[in-house]
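Protein chains: 4
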Amino acid sequence: MNKLGVHALVWTGGWSHDEAARAIGSSAELGFDIIEIPALDPRGIDIEFTAKKLEENGIGTTISLGLDASTDVSSTDKTIVARGEERLNDALNVAIGIGATHMCGILYSAFQKYMEPPTETGIANSVEVLQRICETAAKHDITIGLEVVNRYESNVINTAEQAVAMCRRIGAPNVKVHLDTYHMNIEEADNARAIRETGDDLGYFHIGESHRGYLGSGNVDFTKMFRALAEIDYQHPITFESFSSVVTGQPLTGILGIWRNLWDDGADLCRHAQEYIRTEMKSAKENVAGRGTAAV
Amino acid sequence: MNKLGVHALVWTGGWSHDEAARAIGSSAELGFDIIEIPALDPRGIDIEFTAKKLEENGIGTTISLGLDASTDVSSTDKTIVARGEERLNDALNVAIGIGATHMCGILYSAFQKYMEPPTETGIANSVEVLQRICETAAKHDITIGLEVVNRYESNVINTAEQAVAMCRRIGAPNVKVHLDTYHMNIEEADNARAIRETGDDLGYFHIGESHRGYLGSGNVDFTKMFRALAEIDYQHPITFESFSSVVTGQPLTGILGIWRNLWDDGADLCRHAQEYIRTEMKSAKENVAGRGTAAV
Amino acid sequence: MNKLGVHALVWTGGWSHDEAARAIGSSAELGFDIIEIPALDPRGIDIEFTAKKLEENGIGTTISLGLDASTDVSSTDKTIVARGEERLNDALNVAIGIGATHMCGILYSAFQKYMEPPTETGIANSVEVLQRICETAAKHDITIGLEVVNRYESNVINTAEQAVAMCRRIGAPNVKVHLDTYHMNIEEADNARAIRETGDDLGYFHIGESHRGYLGSGNVDFTKMFRALAEIDYQHPITFESFSSVVTGQPLTGILGIWRNLWDDGADLCRHAQEYIRTEMKSAKENVAGRGTAAV
Amino acid sequence: MNKLGVHALVWTGGWSHDEAARAIGSSAELGFDIIEIPALDPRGIDIEFTAKKLEENGIGTTISLGLDASTDVSSTDKTIVARGEERLNDALNVAIGIGATHMCGILYSAFQKYMEPPTETGIANSVEVLQRICETAAKHDITIGLEVVNRYESNVINTAEQAVAMCRRIGAPNVKVHLDTYHMNIEEADNARAIRETGDDLGYFHIGESHRGYLGSGNVDFTKMFRALAEIDYQHPITFESFSSVVTGQPLTGILGIWRNLWDDGADLCRHAQEYIRTEMKSAKENVAGRGTAAV
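Chains as they are written, first to last, in full-length UniProt numbering: chain A, 1 to 296; chain B, 1 to 296; chain C, 1 to 296; chain D, 1 to 296.
Just so you know, these hints were derived from the structure itself, not from any lab. Among the clues, some could well be false.
Said to hold, decoys possible - Some chain D residues judged to face chain B by a derived CB distance under 7 Å, without partners named:
1. 97
2. 190
3. 287
To be verified - Simulated pairs of lysine-lysine, DSS-like, Cα-Cα distance not exceeding 27 Å:
4. B:78 / A:224
5. A:224 / A:285
6. B:224 / D:139
7. A:3 / A:139
8. B:285 / D:224
9. D:78 / C:224
10. C:285 / D:52
11. C:78 / A:224
12. A:285 / C:113
13. C:224 / D:139
14. A:224 / B:285
As the list claims (entries may be wrong) - Just a sample of chain A residues kept apart from chain D, beta carbon distances all over 10 Å, derived:
15. 96
16. 116
17. 131
18. 135
19. 168
20. 189
21. 190
22. 221
23. 246
24. 253
25. 258
We put the CB at the ideal spot given by N, CA and C, even for glycine.
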């Protein structure tokens with residue numbers, strides 16, 4: 001069975017001691033195996049405190065982040081690229097310190113709406129930085145996940161196929177594709193085939209609805225996706241992601257474009273998400289179990 | 001919340017004291033609100049024993065049956081029609097005796113593959129018999145559910161629209177449409193619209209997969225259906241149905257055409273079914289909750 | 001591009017000279033590449049006349065049939081099996097005579113609702129007969145297609161997986177799986193995966209709606225299926241099938257269970273079917289064309 | 001039958017005489033009833049020339065635009081709002097001059113990724129401006145369509161429900177909801193129900209794939225949507241929209257975020273789109289035709 005995770009932003013937009021304790025505690029209480037901690041500002045995370053709370057609650061962790069314009073490793077400006085590498089190393093330092101198994105997200109560019117296509121120089125810069133990041137991460141058994149996001153959040157990787165190509169260019173054994181159903185719904189030609197074709201390159205999976213509300217209450221065809229995960233015998237984390245401006249606060253509300261809220265009770269939302277994932281995953285496993293034969 | 005039921009044929013093909021006790025006990029243990037008891041042979045049911053076991057286990061009940069060629073109330077042969085009415089009255093007697101809230105199934109014709117279309121005389125016979133059955137049932141607060149089945153199981157009612165028309169002809173306040181997702185998948189042009197258009201006439205709902213295995217592991221688009229149920233604010237039972245020849249035995253295996261088995265552990269199947277229904281129903285309710293508004 | 005075919009039963013239930021001329025003419029006029037001629041009664045077909053009309057109209061052909069109880073090659077009664085082989089040879093004789101490229105259908109059992117599971121002896125009989133039929137067919141470059149049908153039409157082959165297994169047992173190079181979307185909707189766990197897993201064993205494809213009416217007006221998820229056909233680069237015929245009792249007449253209306261009609265204008269139905277198939281097939285080819293890459 | 005339109009951006013990113021002639025000519029040649037002309041820069045359109053070409057080619061027209069930050073009528077800055085009204089009047093002047101039946105798009109805010117939620121004052125400004133625009137438009141029988149777009153293109157109207165509410169606030173008889181399948185796929189909880197609930201308020205319909213490529217080659221469930229359009233008996237235009245950076249050029253490539261191209265042959269794309277819409281629309285009409293009844 002896959003480890004099930006939940007994004008900390010379901011509980012809190014900040015990471016003060018109180019917020020960290022509550023997010024970690026609530027996730028563990030609901031039975032999640034993993035809490036994904038956003039590290040947009042890695043230096044704002046109290047590593048020791050976080051590690052202690054994770055241990056107390058017996059829950060695993062991963063971290064995620066997106067770079068910004070001033071730390072964009074796909075920039076052609078060497079100063080910006082260097083700042084990006086520093087930011088990634090800061091985050092990796094958090095990951096190591098709190099015992100994260102994965103560092104994921106928009107690690108290869110800024111998390112923003114671009115107005116121009118990426119440049120080959122910029123992508124080469126991104127590849128070089130990530131090669132070094134992967135090398136450091138490998139020493140701590142950390143998987144680096146390149147999150148495939150929609151066109152409004154990056155101009156570099158919008159499809160699984162692009163992410164696989166990026167993994168090949170980076171060439172590290174611990175760099176993997178990180179898919180997210182919310183983004184796939186916008187960009188992939190066929191969500192299930194994208195999963196099947198990513199296959200063993202898939203190392204992290206975000207599950208979110210088309211409108212980022214309750215699972216199964218939007219447009220994503222989850223049945224198809226869970227079957228594809230079962231077909232490739234996906235064994236890595238599945239992490240639930242959903243956002244409400246009540247929790248996120250600014251600037252995240254703005255970056256994510258949360259103009260209406262689809263829930264107010266995060267615990268209810270997450271309890272349902274967990275049951276939904278487990279139930280659908282079981283349906284999917286039965287589906288691919290191959291009980292077609294009989295007489296012949 | 002709808003009462004959730006399970007068909008006794010998931011547990012046993014017969015209704016000896018041992019079988020009845022086990023089927024009722026297992027259903028109650030898994031937390032179902034209702035067990036649907038098949039009454040193809042009403043006189044073979046020990047009413048007193050069944051009623052006692054239901055009470056001991058604190059679980060409600062409904063009964064279902066299909067007529068056969070010798071008791072076909074849609075026949076043009078008055079002797080056969082009379083035998084059919086007798087069979088229905090026998091079943092109703094069981095329903096009353098065990099405290100069933102609903103008597104459902106193919107009550108309006110034989111449960112068989114016909115080779116000729118129905119006749120107007122036959123349908124008129126069926127209507128007349130059911131009018132009297134409904135009258136008796138009404139005195140005991142029992143709802144009569146006309147199950148819509150596929151073309152291979154009856155030639156009289158294959159679509160929700162036909163069932164609504166049949167209810168109108170019968171004209172009783174306690175006659176309702178009984179839909180079944182397995183059959184709808186074969187006959188309805190649009191499963192969700194069929195539910196919406198049946199609306200308040202819908203009184204009983206069978207949930208089964210396209211191949212009659214684990215829910216969510218076949219072709220039925222349940223998400224769409226649950227949303228339609230949420231839209232009409234359906235408040236009546238939802239009963240899970242799935243068949244394996246290991247349990248059914250003959251002649252049911254033959255009548256139902258079970259040529260391969262999609263499960264062997266009935267308890268695992270039912271536990272999953274219940275979680276699946278609750279989880280999807282919650283997704284559906286969130287879906288129709290109408291959280292589209294914000295700024296304006 | 002796949003050859004597009006249409007089942008003659010869209011035009012006529014018989015095969016008199018007038019009926020044959022009209023069915024062939026109408027199919028050719030609408031631009032179909034193939035007409036599939038039902039040969040339930042092979043000796044009732046005027047081979048010479050049919051061949052001439054096909055040639056005049058410049059249209060290819062295939063034939064299909066289902067055996068009946070008296071010619072059931074999956075019987076354990078040797079006399080019945082022998083009669084079945086004779087019937088198949090009669091049909092093959094027609095196929096050869098009219099230049100058919102494929103002989104398809106329920107060639108391995110009766111076309112009926114069984115009441116008992118198949119027996120190993122019966123299946124062995126079916127395999128032996130089909131080995132000889134395939135051998136004869138091979139001499140005339142005719143493909144033998146084993147149609148996968150639902151549980152109400154045979155107890156031998158209800159899934160693609162079973163059909164592939166049957167092909168392996170027969171072991172002939174010209175025996176192929178014949179899938180039909182109407183039946184798949186009832187029996188397959190996953191229609192698209194069934195197509196993908198059949199792969200090169202797929203030799204004939206029937207396209208029909210869940211209720212056998214206009215394509216796209218029922219429950220079949222054709223988009224998914226066309227993508228699977230595009231994925232396996234399926235190059236063989238796609239034949240449209242739809243039935244109305246106005247055309248079929250008895251006994252076919254009864255055998256097929258046509259209790260309501262979903263169309264009255266066969267030409268309109270077929271024109272739409274052809275456009276539907278071509279348009280969806282193009283969408284599917286674009287879908288699998290793999291335009292996911294860009295920047296990286 | 002609905003009038004079928006095509007967005008001029010399939011043909012050209014500019015509106016020089018040559019470009020206008022080619023876009024109008026190509027649209028007419030493919031048999032579209034309408035060409036939708038983007039009027040982001042209304043004063044750059046040669047009204048007389050455009051009107052003449054439209055007449056010569058016997059094709060109808062509509063116009064569309066999105067405001068920008070400097071003309072945002074949902075701003076709280078009165079100068080910006082006034083510039084927005086001027087821009088809308090300029091566009092309306094074009095609409096009148098070329099005989100457009102509809103003026104649509106993001107007329108109520110800027111066409112951009114916002115970083116803050118809308119304000120009540122800003123929305124009130126937008127409403128007031130649109131009331132006056134509607135009044136002028138009404139004199140020329142022009143319908144004003146408020147396009148529902150995703151969260152990355154506006155913060156004011158992201159769902160059909162919000163658009164209906166905005167129409168009510170504006171209160172003009174000629175203001176209608178303009179839905180777009182590309183955006184609905186991201187924002188609506190249920191695409192089909194959104195159409196049904198918009199009902200008579202729906203006045204314009206954009207059809208585009210989830211990834212903006214060939215129709216039917218992405219994630220949008222068009223079957224469901226066409227059925228909803230058939231259910232509400234939608235009689236207004238259906239316009240096809242698809243973008244490739246080869247055609248759009250900057251700044252539109254950047255605004256729209258076109259980082260990869262899903263087609264290169266616009267004529268092939270549009271021919272297919274037209275067949276796809278007509279064929280699916282016919283399937284949908286057959287679906288809702290209600291042929292469920294028979295015997296009873």
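Evaluated hints:
1. The criterion of a C-beta within 7 Å of any C-beta in chain B is not met by residue 97 of chain D, whose closest approach is roughly 31 Å, and the hint is violated.
2. At its closest, the beta carbon of residue 190 of chain D sits 6 Å from a beta carbon of chain B; the interface hint therefore holds under the 7 Å criterion.
3. This hint holds: residue 287 of chain D has a C-beta 5 Å from the nearest C-beta of chain B, less than the 7 Å allowed.
4. Simply put, residue 78 of chain B and residue 224 of chain A have alpha-carbon atoms about 52 Å apart, too far for the 27 Å limit, and the pair is violated.
5. Our distance criterion of 27 Å between C-alpha atoms is met by residue 224 of chain A and residue 285 of chain A, whose separation comes to about 12 Å.
6. The straight-line distance between the Cα atoms of residue 224 of chain B and residue 139 of chain D is roughly 43 Å, outside the 27 Å bound, and the hint therefore fails.
7. With a CA separation close to 23 Å, the supplied pair residue 3 of chain A and residue 139 of chain A stays within the 27 Å bound.
8. For the hint pairing residue 285 of chain B with residue 224 of chain D, the CA-to-CA distance comes to about 19 Å; that is within 27 Å, so the pair holds.
9. Note on residue 78 of chain D and residue 224 of chain C: the hinted pairing is violated, with a Cα-Cα distance of about 52 Å set against a maximum of 27 Å.
10. Between residue 285 of chain C and residue 52 of chain D the alpha-carbon distance is near 39 Å, which puts this suggested pair outside the 27 Å criterion.
11. Note on residue 78 of chain C and residue 224 of chain A: the hinted pairing is violated, with a Cα-Cα distance of about 46 Å set against a maximum of 27 Å.
12. Distance restraint check for residue 285 of chain A and residue 113 of chain C: the Cα-Cα separation of roughly 31 Å exceeds the 27 Å cut-off, and the hinted pair is therefore not satisfied.
13. Under the criterion of a C-alpha separation no larger than 27 Å, the hint pairing residue 224 of chain C with residue 139 of chain D is inconsistent with the structure, at around 48 Å.
14. Only pairs whose Cα atoms come within 27 Å are accepted, and residue 224 of chain A paired with residue 285 of chain B is accepted, the gap being roughly 21 Å.
15. Every CB of chain D is more than 10 Å from the CB of residue 96 of chain A (nearest about 33 Å), matching its label as outside the interface.
16. The beta carbon of residue 116 of chain A is not kept farther than 10 Å from every beta carbon of chain D, the shortest such distance being approximately 6 Å.
17. Distance to chain D confirms residue 131 of chain A as a non-interface residue, since its nearest Cβ pair spans about 23 Å, more than 10 Å.
18. Distance check for residue 135 of chain A against chain D: the nearest CB is about 29 Å away, which clears 10 Å, and the non-interface claim stands.
19. At roughly 18 Å, the least C-beta separation between residue 168 of chain A and chain D is larger than 10 Å, which holds for a residue marked as non-interface.
20. Listed as a non-interface residue, residue 189 of chain A fails to keep its Cβ farther than 10 Å from every Cβ of chain D; the least gap is roughly 6 Å.
21. Taking the minimum C-beta to C-beta distance to chain D, about 8 Å, the non-interface status of residue 190 of chain A is violated against the 10 Å cut.
22. At the 10 Å boundary, the C-beta of residue 221 of chain A falls inside the reach of chain D, the nearest C-beta of that chain being 8 Å off.
23. Distance to chain D confirms residue 246 of chain A as a non-interface residue, since its nearest Cβ pair spans about 12 Å, more than 10 Å.
24. Under the 10 Å C-beta cut-off, the non-interface status given to residue 253 of chain A relative to chain D is violated; the minimum distance is some 7 Å.
25. A beta-carbon of chain D comes within 10 Å of the beta-carbon of residue 258 of chain A; the shortest separation is about 8 Å.
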